[in-house]
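Chemist: With the hints as your guide, set chain B onto chain A.
There are 2 protein chains.
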Amino acid sequence: MTKIVLIIADGLGDRPIAELGYQTPLEAATTPHLDRMAKEGICGQMHTIDVGVRPGSDVAHLHIFGYPMGEAYSGRGVFEVLGVGMDLQRGDIAFRGNLATMEGGKLKDRRAGRMSSSLVIEPGMKVQIEDVTFLLSPAVSHRVGVIMRGPGLTHDILDVDPHNTGEAPRRKLAKDTRKESQKTERVINAFVDHMAAYLCNHPKIKQLKAEGKPHGNFLSLRGAGEHIHLLSFKEKYGLTACCISGAGLYKGVARAVGMDILNVEGATGTLDTNLDAKVKACVEQLPKYDFVFVHMKFADSLAEVGDFKGKKVFIERIDKSLAPLLKMEDTVVFFSGDHSTACSLKAHSGDPVPAVFWGPRTVVRTDACTSFGERACQQGGMGHFKGLDVMQELLNLAGKQHLVGN
Amino acid sequence: MTKIVLIIADGLGDRPIAELGYQTPLEAATTPHLDRMAKEGICGQMHTIDVGVRPGSDVAHLHIFGYPMGEAYSGRGVFEVLGVGMDLQRGDIAFRGNLATMEGGKLKDRRAGRMSSSLVIEPGMKVQIEDVTFLLSPAVSHRVGVIMRGPGLTHDILDVDPHNTGEAPRRKLAKDTRKESQKTERVINAFVDHMAAYLCNHPKIKQLKAEGKPHGNFLSLRGAGEHIHLLSFKEKYGLTACCISGAGLYKGVARAVGMDILNVEGATGTLDTNLDAKVKACVEQLPKYDFVFVHMKFADSLAEVGDFKGKKVFIERIDKSLAPLLKMEDTVVFFSGDHSTACSLKAHSGDPVPAVFWGPRTVVRTDACTSFGERACQQGGMGHFKGLDVMQELLNLAGKQHLVGN
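First to last, the sequence lines map onto chains A and B.
Numbering-wise (the working numbering), the first sequence opens with residue -4 and increments by one.
Numbering-wise (the working numbering), the second sequence opens with residue -4 and increments by one.
The shape of chain A in the complex, shown without the other chains (with noise of 0.2 angstroms):
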């Protein structure tokens, strides 16, 4: 039985930086096992949406896994607090929540200096609000994962969050005057307002203003999503399928489509993330599920302060890690990014991913490609190809196609 293995390099493709010879951190750095797995694979470059289009993590990742965003996303809320593990029941809605610093009714640190929302949160807490329950759970560093519960709701609603520091919370939520609108506005209102005083007279949150250290006196929530049932991994594809991801996000997606979620001790989604202890984790995880999905998330977050050189670095140690999985026989690999990160733009861009599927010689057609990376990979027998492209190859490569038509 084929193995397959999806590996995502969050953030992986970028643009020519004049200070690398104008080449990308990709192209700058040495990727033995990459190259390796260009020269005995089939390249392509991936538009995870489509062409020119600027892909969110959330709605790159559902387009990986083949699904697409107008039937399966309303929000990244959803995909929060499932990564959190917390359970979502049908009408729910989700948000992303942050621990934020307020001064003088003005929004001072949008992340309260990334303080651990476990410190004051804990899990299964709950506010009522009306008929309404918010329920919370704390999430990696300042993030707090918020559900709420009750009749008569709706996610089309703009953020608390107003993106920016320097400005006050959004307080008009509703988008128009339907009943629900209106209600949504009222209970969030009310419940960022409890939240708020809870906060203020946190003994913890007390400490740490005493200490003049970064503290969280107001919960912001964004991304308000409502829960849709997706077919699992299992009834889509009939793979029994799992995820390797430090970061939350990646673990709430995965979870979405039924994916069960490994915790690998080490893999923290930052900048000391066990790369190794996760290909190792993969490795070792492979004879009891089909299918097998690793993020690999800071080469993005790297990209997103412009940081290339750091970048670059990282795109090695991911390269290093992925030596045990090219000793594994009967396994087919897809190695990419959700998006391409300009560390010019400091943020995502609508560029193509490189990408390879690396296999049996028996299984993957070869092409011209012997190197991986933007422009290597631009000679790549896979061409261009989409997102939604890659779980139907990767279902073809290891034989597990059903026919369409007879």
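What the hints contain is simulated information worked out from the structure, not anything from laboratory work.
Here the structure is a predicted model, which is why all the values come from computation and not from measurement.
Among these hints, one or two may not hold up.
Which copy is meant is left open, because identical chains are indistinguishable; a pair holds if it fits in one copy or across any two.
[What the hints assert, rightly or not] Pairs of lysine-lysine residues, derived as DSSO-like cross-links and limited to a Cα-Cα distance of at most 30 angstroms, are as follows:
#: 1; residue 1: 103; residue 2: 395
#: 2; residue 1: 304; residue 2: 395
#: 3; residue 1: 341; residue 2: 103
#: 4; residue 1: 381; residue 2: 34
#: 5; residue 1: 231; residue 2: 341
#: 6; residue 1: 395; residue 2: 381
#: 7; residue 1: 170; residue 2: 395
#: 8; residue 1: 101; residue 2: 395
#: 9; residue 1: 381; residue 2: 341
#: 10; residue 1: 170; residue 2: 231
#: 11; residue 1: 381; residue 2: 231
Modeler: Frame of chain A, contents of chain B only:
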């Protein structure tokens, strides 16, 4: 703020021509500026509508601007009358009118020797038939913009123009027995009869006839289209935009999507058009606009009469005119055609058009292309793409693309 320039060389692509050593006119032409753009930019092959589809100029431009024909197109007349500067109201039906020469009830010359319509048609001229007002305005050479305004009309009718000389103009125009089809046929026939009488009795036409010169004694109608309100470039992309074009149709499409129309002296849309003046005007407008569209017409017209040598020479003139643009900084330029026009067919073809996206070295990923042409661009890093992809990719390269998802 990165600026965007979109240049369309009408009918740019072609097929191999024996007399040119099986090169196309573009391949045979000496084009140092385009070759430089190919080398410094990223190339590809554009299927304006779709693979093998043979695009009309109106639909081709709509697609390049990002407006799919199913939503944005009902007939060419709309863009012809907008291009003449006429204004459309909801429910208006617009036509391209042609002065033609009739003899013995048959069309002898469908273009009346390309005589100037302004000799006989005054701007603002109106004809009333029943409760329907026909508005007329002279256009380039034999062309006349015609708007039909009134209740109970349809654009879904046949052309009066039979599209072949030696045939009688059509009088059966209705495609069905619906009341609006019957009324539209009746008022058009009455209008056409009225105009034939008007033209035959016009002193100028009598004079031309007496002198044995081409004379338009008939006004033929074609390309009925109903006005469809389109989002402007500002609304759709957030871009202020202007159009530099000699030919009316392209001005019309540009007006339909809310571009400002810039009239450049010497930009005639004919063989003697001043391409240098157009590019100079483009460079001058760039500080004022986010987006400038430049249309260069005549390679298409030469191919439509099979003049491959003339097309080659005209392409060399286009190439020369581009020099000032390549000195622009912080500017992304797209250069292609709206479709191929094959000299061998003397008609538009469904072959893809070579295309290049050019811009700063830190923005555009280069590729293997070092020259610009139909076959050279087969190596391009953009691969095959559609007209509808162009604006998305330009927004992406200019760093103006919004995020899809989160």
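Chemist: Under the constraints set out in the numbered hints, which ones does this structure not fulfil?
Modeler: Of the numbered hints, all hold.
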